[in-house]
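**Q** Sequence:
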Amino acid sequence: MVRIPRVVIGAPASGHGKTTVATGLLAAFARRGVPVAPFKVGPDYIDPGYHALAAGRPGRNLDPVLVGENLIAPLFAHGAQDAKLAIVEGVMGLYDGRTGAGDTGSTAQVAALLEAPVILVVDAAAQGRSIAALVHGFRSFGSVRLAGVILNRVGSDRHESILREACEEVGTPVLGALRRADAVAAPSRHLGLVPAAERRAEARASVDALAALVAAAVDLEEVEAIAYSAPPLQVEPWSPSSAIRPGPHDQVEASGAASARPVIAIAGGPAFSFSYAETPELLTAAGADVVTVDPLRDEKLPAGARGLVVGGGFPEVYAAELSANEPLRRAVAALAAEGGPIVAECAGLLWLCRTLDDAPMCGVLDADAAMTPTLTLGYRDAVALADSPLAPAGTRVTGHEFHRTTVHPRSGLLLSPAAGGAWQWRGSDPEGFATPAVHASYLHLHWAGTPSLARNVVAAASAV
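Letter by letter, the sequence shown follows residues 1 to 464 in full-length UniProt numbering.
Incorrect hints may appear among the rest.
Have a look at the derived ranges for each label pair, beta carbon to beta carbon [stated by the list, open to error]:
(1) D429 to R32: 49 to 57 Å
(2) G100 to D357: 31 to 39 Å
(3) G102 to A126: 26 to 34 Å
(4) E221 to E326: 27 to 35 Å
(5) D219 to R330: 34 to 42 Å
(6) D219 to E326: 49 to 57 Å
(7) A393 to M371: 25 to 33 Å
Hints in this document: simulated from the structure, not taken from any laboratory.
Just so it is clear, CB atoms sit at the ideal spot from N, CA and C, and this is done for glycine as well.
Please build the complete structure, drawing on both the sequences and the hints.
**A** Right, dumping it as structure tokens:
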């Protein structure tokens, strides 16, 4: 049994102000000395970066599509350990989930799995008494408990009074009202907000401003009381070490003669800021020493590195700087040539190519990458097409694709003649690249959903 006061921040649709309110609440409570744990519904990497700045601890994702609904409460309990309050920011509209799958992956589903009350953030800029119909509809539809409303973009005292009276008519308390002029801007670009890792000082200033804004406009005591109304969760916290134990049907590679813990580098810094907190935890539990390498700053891999994991981010923004770091590019190519396992997702895939927008990259893949105006987005149910350090052929996963780039193979293969595609899903051609040493793909994976991935990578590094 786990007792964690918690609340989910939802909205009728995207753009109503969930991130503003959730980040502001996290920062406001943290500045009051309340240890607060931040979470984000869905596969988003950017909002958790701002959550982490606000709360002073890692922002974590809760995505039933990527990890399965049975892991949501255990992962929540793991991420909220030692916290006195947890705030979960929703995704899109309250009941919006995976296309064609009902509320699967939605904020409402996660709220139900966590038995958590929901606070609805409503952009009221163009609404008056009609807000009562909207709020009543969200209270009546589905089974989540809508505990209150926070109004956003309120125009005046008179406007706020009209909105409050309307919400009172349908028995829903208004917990706060943010004015239109109070907006705290955060820059955005082609995939959403600019990650906090790319604008650390400015992001901290934005978070501080949000803390002051929300503390002045929202009844924090009432929000806390609503969070405390959540019942105990009848779950055991997720554990990386327990998750990493082989199951009866897992395929586990022999680790070779090496007995020392292999060093596995994980790319980080502004260019590669997209990763889930559970990835290094699982690698460590599987027997690796995990060390971060920043490709914008570090000119060599960590001492003794026998493997490399490269997540997502915005390498296209830093193509010139990544290209200028020739010593590290050569070191990555050398690791691949020596058979050291390299696993790359999305941005990592681009970095491993010969070029990115004509700028030289690592050259591990015989391919060129470029920006494109087309957004590729969505969940994918995929099967591994070839053995790789990440997964044996036939492994089934659910991942998420989100990019505005394209990769053009020069030869159709990796530098190794034994190369094949990494994944395939319904209606797609083979995607990505896979060899016994390299796995590179656009597909983002949450390794907690398939812990054997971490075991496989560590086993491959141990065998080098």
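**Q** Indicate whether the distance between the beta carbons of D219 and R330 respects the range 34 to 42 Å.
**A** Given about 57 Å between the Cβ atoms, the range is violated.
**Q** Is 49 to 57 Å right for how far apart the beta carbons of D219 and E326 are?
**A** holds (56 Å)
**Q** Could you see if the CB distance from D429 to R32 stays within 49 to 57 Å?
**A** Given range 49 to 57 Å: holds, Cβ gap about 53 Å.
**Q** Indicate whether the distance between the beta carbons of G102 and A126 respects the range 26 to 34 Å.
**A** holds (30 Å)
**Q** Using the Cβ atoms, figure out if E221 sits within 27 to 35 Å of E326.
**A** The hinted range 27 to 35 Å is violated for E221 and E326, with Cβ atoms some 56 Å apart.
**Q** Cβ-Cβ distance between G100 and D357: within 31 to 39 Å?
**A** Once the Cβ atoms are compared, 35 Å apart, the range 31 to 39 Å for D357 and G100 holds.
**Q** In this structure, is the beta-carbon distance linking A393 and M371 contained in 25 to 33 Å?
**A** holds (32 Å)
When held up to the earlier numbered hints, the structure conflicts with 4, 5 and fits the remainder.
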